[in-house]
Amino acid sequence: MDGSNAPNAARKAWLSVLAKAPAAHLADLWIKAGLDPAHDVLRAPEIGAVMVRGRAGAVGAPFNLGEMTITRCSVRLATGEVGHGHVQGRDKNHAKQAALTDALMQTSEAKAVEAQIITPLLKAAERRRATRAAKAAATKVDFFTMVRGED
Amino acid sequence: MYVAVKGGEKAIDAAHSWLAEERRGPLDVAELSIEQIKGQLKLAVNRVIAEGSLYDPDLAALAIKQARGDMIEAIFLIRAYRTTLPRFGGSEPLNTEDMACDRRVSATFKDAPGGQVLGPTFDYTHRLLDFKLAAEGEATHTPQSEGDANTKPHIMSFLDREGLIQPEPGGAECPPDLTREPLELPTNRPLRLQSLTRADEGFILGMAYSTQRGYARNHAFVAELRIGSCPVEMDIPELGFSIEIGEVELTECETVNQFQGSKTEPPQFTRGYGLVFGMSERKAISMALVDRALRWEELGEDNVGAPAQNEEFVLYHADNIQATGFLEHIKLPHYVDFQSELELIRKLRREATSCHRQQEAAE
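Chains A and B are the protein sequences, given in the same order. Quick note on numbering: this note's numbering labels position 63 of the first sequence as 63, and the sequence is numbered without any gaps. Quick note on numbering: this note's numbering labels position 121 of the second sequence as 121, and the sequence is numbered without any gaps.
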């Protein structure tokens, strides 16, 4: 996943991918992968808000910009691994599948789960971003200077 | 004050049934879906997100549908909904330098590193009605080209390097929150920015325009205007580290204003700042101008008595939900209030008439 050596970098990366993924895409991949691990729900999916902060002048004092909706859920697999899902929006299934994926990524099945769930989500996000970047690049202004009179 | 009165339940039920029917419109026309509103009236959705102060495009689209396109009613619905949500915490301050820019322009530097990227803008359109849109809705082909990354350096950072721009002071990690504590005066900049970003677009536009016309000297250059999406990162206590919990679309405007210097500050440029949820550059530019005007005291400028310099005036009248609540309540029954006014005016008239008669009799 992430080349960084910071502790938890890999887990942080997959949790971030899961949080930002469209709920329908994750649900689709989940069905395709046929995953159905035995688990207990530690915290049932719960919808709430997070206050998003900005900085004055982009770099100065923090201020409250406004809230966003998120949904969180925690599960424990029968094998003991605990997974936490925190996802954007209000889709409870999204949060639960994120939590289960997080738990599975800590098991010996991690490689398969990464290939079936995380990598396709990451690639889709990269494609979306690349498409927007390419459209933006096409609207970049090329200036050319007209010959100016000397007097 | 208004007094509770009984009765009218049947009339109210009938009124609401009729409202639902009128909302739906003619049944031989297809019903609007939330997806359609979200996808095709995106800027309306953006306004409801920004002024409702809750980033959730599905809910904003639903609110617009329920409110029949009445934006302030839709914003009201979102504000009411958000009070029902538990608060899970606050995010790390956004790093807008990481924004994946759809649009990024500067009015101050033609050759800014990263370039001038127009994005999906109304600018340079001819503002002629396009009758093709009434007839057909075919997808257009959008050109794409290979380009540099869509993350761009902040243009202000170049002025900062030369020391020509007033530095941004830091502040409390946990800023004041007007959704938790009532807005009290005098305020500080973080509180003003929170108030301005959720303020009514029309009101802030009018205030900003007044500064341009001379009510508070405030000649602003748009150093940078950028629109794009930015990850939101939050510390998750259960994990013990932070993750990205989502992504928000933002419009950011940074203005530079000339500043002559004061006893303590050398002549330099000063900043105005606007940051708004969604694609909303009119609001972001307006916010930056009003932010700058409200900073007169901290920058040691004169208070020329302009409305945009008066934080009480600006901040106490900028919220369209507060304003509409107080304004529209006067249409609710005030029968008893009015009865007493009626009594009073009759009494005054009686007194005036009898006084007049007495005078006539005396003459």
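By construction, these hints were calculated from the structure, which means they are not laboratory data. Careful: at least some of the hints might be erroneous.
Stretches of chain A that chain B covers, calculated by requiring three or more beta carbons in the stretch to come under 8 Å of a beta carbon on chain B [unchecked claim]:
(1) 8-19
(2) 22-34
(3) 37-48
(4) 80-87
(5) 103-113
Note that the structure is a prediction, hence the values are computed from the model and not measured. Even for Gly, the Cβ is constructed at its ideal location relative to N, Cα and C.
Here is how each hint holds up against the structure:
no.: 1; hint: 8-19; result: holds (count 6)
no.: 2; hint: 22-34; result: violated (count 0)
no.: 3; hint: 37-48; result: holds (count 3)
no.: 4; hint: 80-87; result: holds (count 3)
no.: 5; hint: 103-113; result: violated (count 0)
When the structure is compared with the earlier hints, violations turn up for hints 2 and 5 and for no others.
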